[in-house]
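Asker: If you read the sequences in order, they're chains A and B.
If you count by the numbering used here, then the first sequence holds residues 1 to 365, one letter each, in order.
If you count by the numbering used here, then the second sequence holds residues 1 to 324, one letter each, in order.
Be careful, since some hints might not be right.
As the list claims (entries may be wrong) - In the PhoX-like style, the derived pairs of lysine-lysine whose C-alpha atoms are separated by at most 25 Å in a straight line are:
{"id": "1", "chain 1": "A", "residue 1": "229", "chain 2": "A", "residue 2": "295"}
{"id": "2", "chain 1": "B", "residue 1": "208", "chain 2": "A", "residue 2": "358"}
{"id": "3", "chain 1": "B", "residue 1": "275", "chain 2": "B", "residue 2": "49"}
{"id": "4", "chain 1": "A", "residue 1": "230", "chain 2": "A", "residue 2": "295"}
{"id": "5", "chain 1": "A", "residue 1": "357", "chain 2": "B", "residue 2": "206"}
{"id": "6", "chain 1": "B", "residue 1": "49", "chain 2": "B", "residue 2": "264"}
{"id": "7", "chain 1": "A", "residue 1": "358", "chain 2": "B", "residue 2": "263"}
{"id": "8", "chain 1": "A", "residue 1": "357", "chain 2": "B", "residue 2": "208"}
{"id": "9", "chain 1": "B", "residue 1": "26", "chain 2": "B", "residue 2": "263"}
{"id": "10", "chain 1": "B", "residue 1": "264", "chain 2": "B", "residue 2": "55"}
{"id": "11", "chain 1": "A", "residue 1": "357", "chain 2": "A", "residue 2": "229"}
{"id": "12", "chain 1": "B", "residue 1": "55", "chain 2": "B", "residue 2": "275"}
Claimed, not checked - DEER-style ranges, computed between Cβ atoms:
{"id": "13", "chain 1": "B", "residue 1": "302", "chain 2": "A", "residue 2": "135", "range": "47 to 57 Å"}
{"id": "14", "chain 1": "A", "residue 1": "320", "chain 2": "B", "residue 2": "235", "range": "43 to 53 Å"}
{"id": "15", "chain 1": "B", "residue 1": "287", "chain 2": "A", "residue 2": "312", "range": "27 to 37 Å"}
{"id": "16", "chain 1": "B", "residue 1": "144", "chain 2": "A", "residue 2": "93", "range": "53 to 63 Å"}
{"id": "17", "chain 1": "A", "residue 1": "34", "chain 2": "B", "residue 2": "107", "range": "17 to 27 Å"}
{"id": "18", "chain 1": "A", "residue 1": "271", "chain 2": "B", "residue 2": "185", "range": "56 to 66 Å"}
Everything labelled a hint here was simulated from the structure, so no lab data went into it.
Cβ coordinates follow ideal geometry from the N, Cα and C atoms, glycine included.
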Amino acid sequence: MIVTYPHMGYMWICVKAMLEYLGVEVALPPPTTKKTLLLGVKHGPEFACMPLKLNLGNFMEAAELGADTMVMAGGCGPCRFGYYAQVEHAILQDLGYRYDLVVLEPPEKHIGELLGKIRQITGNRSWRQVIKGINFGYKKAWAVDDLERMAHYTRPRELFHGATDRAFKTALAEIVAVRQPEELPAARERAMAIMQNVEIDEHRQVVRVGIVGEIYTLLEPFANMDIEKKLGEMGVEVDRSIFLSEWINDHLFMGFGRNVRSSKEALKKAVAYLGHFVGGHGLETVGNTILYAEKGYDGVLQVLPFTCMPEIVAQSILPRVSQDLGIPVMTLIVDEQSGEAGLITRLEAFVDLLARKKRFREGLA
Amino acid sequence: MYGYLGIDVGSVSTNLVMMGEDGAVKHSIYLRTRGKPIEAVQAGLKMMKSALPSKIQVAGVGTTGSGRHLAGVITGADIIKNEITTHAIAASNVVPGVQTILEIGGQDSKIIILRNGVVADFAMNTVCAAGTGSFLDQQAFRLNIGIEEFGPLALQARVPVRIAGRCAVFAESDMIHKQQMGYNVEDILAGLCEALVRNYLNNVGKGKEILGPVVFQGGVAANAGMKRAFEKALETEVIIPPYFNVMGALGAALLAREATSRKKTDFYGFEVAEKDFKAGGFACDGCPNICEVVEITESDRVIARWGDRCGRWSDVLEQKEKIS
Ligand code: SF4
Ligand code: SF4
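Extracted from the complex, chain A is given alone in its bound form (with noise of 0.2 Å):
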């Protein structure tokens, strides 16, 4: 059996440690391309969202690398991504590949439904090492979302262009070469110290964005034409709504990991605008906009794919929230088809009003 995954962002690296840890053979589909894109237009239908057409793509590359075991996340909710893993599977049986399907359904109550459905993949492994191994991939994202933040902070102040892309390369490939969990704590420190060897300068004006929308586009580089590090490089420090081990913390363990950020406090706001389950992360997308304004941020983007409609709903509702709480928001739809240059002017515009807004109002005060 050798196991693949779709990518999602750098979800691989935690979803890898788990399973190499539990000694499950995994062939990593290769980073999503162009080419990957292709593959999923082709084959995905038409009207299917985005993150559907580029699965299909990274499983389709995965088989190439032998990969005969498919493991997919289920959904919760009206959202189309409840079928997701069963569409992807279906299509790619019609086409010739001969996959078996996992799905990981995110628990309803307790963690043991899924422990359930991982020693599926891992056998006949004990509880205990499972734990483990569910922990390490967890500590893992944890690390990789720790370096996320640090790239974050220090793109918009750095000294040298492109200082922080290097830094954080090398840092990341830290964290993947860990192979045991006892090892990764030291490698942790490794990697934070190359980040905080970036240069900076640390009085520059910087203008504050949060990036709210939907989780997969919100994660994948690829699938947000590399908004982060465009945005980075405008002189905007970005903060964004989602990290993996926030994601794996609400809805794997059910929010009891200490002191992490949970999207309760952004579902208790969005009571106010949207009373209802939207699917998605329609509701979060409203709420965050809400904590985003009210802890000073200068803007807040949404992204989602082109046809999503738990982030369609949310996007109604948003010019409400900004201009109620006066933070600016701007949508953006990615789809196959989004230009790369209409997408910059776009960002610089929005960039430029919330830095000429913001130099306004410091004028004033």
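Guided by the hints, dock chain B with the ligands onto chain A, whose structure is given.
Answerer: Just chain B with the ligands now, with coordinates in the frame of chain A:
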């Protein structure tokens, strides 16, 4: 005498403006880009140089439009800015206190909302032809009417014909239908203007609070029928600034003045027009992204590259990125 040069390179037209220290336009040039932005910029520089007194000294250069990076690299611009910002700057300079900018060009259109002199919101349309100037061009062509006659004729309309203008294709068949039914040309032309205004307000202007003063700019503002159609739909006066079709370039010049207030210009001089620039490109085969890398060379020396997703080609040049 000092002047500030603004260059706006769009897909359809390339505009240049020379602005005096006082912000007044000394000379403006409007050229077709014809898919060759470098040549358009060079031709524009030549025309600009010969139109100006020889003692004028360029104290700053700004570029804007979709070809802003290209124009910036070859001229040594002091500032490279997106077209939303430059249009807003120019309009608020010409009409202080402006709160809404309607901009319709040949291939795109945008709306910019300003409050307290600052851009508060904007939207752009680059995909739907029914909301841009090309819509009018196409229909005028069908009716065999020169685009110069369009406006004056539309103003003579008594009862504008209602034309279904959701989409350029439907509008065309509806217009032909109305023509066959015997409506006169003036009323049809005015109807086309109203259809474009409706499209624009429903697409680009959707959900925007349009408050006066309202400025209407871009190439389509030359059409007097459009001004009237906007005034009718918005029920307020619409101002068309004197240099309505080079506002992007004017904004770039204004920003160049700001950018050079404490430093000397990086402008390479009008000799740029004589240099041998080439825009080439290649598909990188470093990974399956197969990026289309654009490469600008000056006498066979690479001076700029972009389009590579991973930075493999642009980073090696160590050129200082001057986005935003
Ligand atoms: S959240 Fe949006 S993108 Fe994701 S599956 Fe649902 S509809 Fe598609
Ligand atoms: S430029 Fe970079 S991302 Fe693009 S094809 Fe080459 S190696 Fe791949």
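Asker: Now tell me if each hint is right for this structure.
Answerer: Quick rundown of the hints versus the structure:
Proposed proximity of residue 229 (chain A) and residue 295 (chain A) is supported: the alpha carbons are some 22 Å apart, at most 25 Å. About 22 Å separates the Cα atoms of residue 208 (chain B) and residue 358 (chain A), which keeps this hinted pair within 25 Å; it holds. Straight-line distance between C-alpha atoms of residue 275 (chain B) and residue 49 (chain B) comes to about 15 Å, which keeps the hinted pair within the 25 Å bound. As the CA atoms of residue 230 (chain A) and residue 295 (chain A) are separated by approximately 23 Å, the hinted pair is consistent with the 25 Å bound.
Of the supplied pair hints, the one linking residue 357 (chain A) and residue 206 (chain B) holds, its CA atoms being roughly 23 Å apart against a limit of 25 Å. In summary, the hint linking residue 49 (chain B) to residue 264 (chain B) is supported, as the alpha carbons are separated by about 20 Å, within the 25 Å threshold. Among the hinted pairs, residue 358 (chain A) with residue 263 (chain B) is consistent with the structure: their alpha-carbon atoms are about 24 Å apart, no more than 25 Å. With a C-alpha separation of about 19 Å, the suggested pairing of residue 357 (chain A) with residue 208 (chain B) holds against the 25 Å cut-off.
For a cut-off of 25 Å, the pair hint linking residue 26 (chain B) to residue 263 (chain B) stands: about 23 Å separates their Cα positions. Straight-line distance between C-alpha atoms of residue 264 (chain B) and residue 55 (chain B) comes to about 18 Å, which keeps the hinted pair within the 25 Å bound. Note on residue 357 (chain A) and residue 229 (chain A): the hinted pairing holds, with a Cα-Cα distance of about 22 Å set against a maximum of 25 Å. For the hint linking residue 55 (chain B) to residue 275 (chain B), the alpha-carbon distance of about 22 Å falls within 25 Å, and the restraint holds.
Roughly 50 Å separates the CB atoms of residue 302 (chain B) and residue 135 (chain A), a value that falls within the hinted 47 to 57 Å. A beta carbon spacing of about 26 Å between residue 320 (chain A) and residue 235 (chain B) contradicts the range 43 to 53 Å that was offered as a hint. Roughly 33 Å separates the CB atoms of residue 287 (chain B) and residue 312 (chain A), a value that falls within the hinted 27 to 37 Å. At about 59 Å, the CB distance of residue 144 (chain B) to residue 93 (chain A) agrees with the hint of 53 to 63 Å.
Between residue 34 (chain A) and residue 107 (chain B) the beta carbons are some 26 Å apart, a value that agrees with the proposed interval 17 to 27 Å. For the pair residue 271 (chain A) and residue 185 (chain B), the supplied restraint of 56 to 66 Å holds, since their beta-carbon distance comes to about 58 Å.
The structure shown violates just one earlier hint, number 14.
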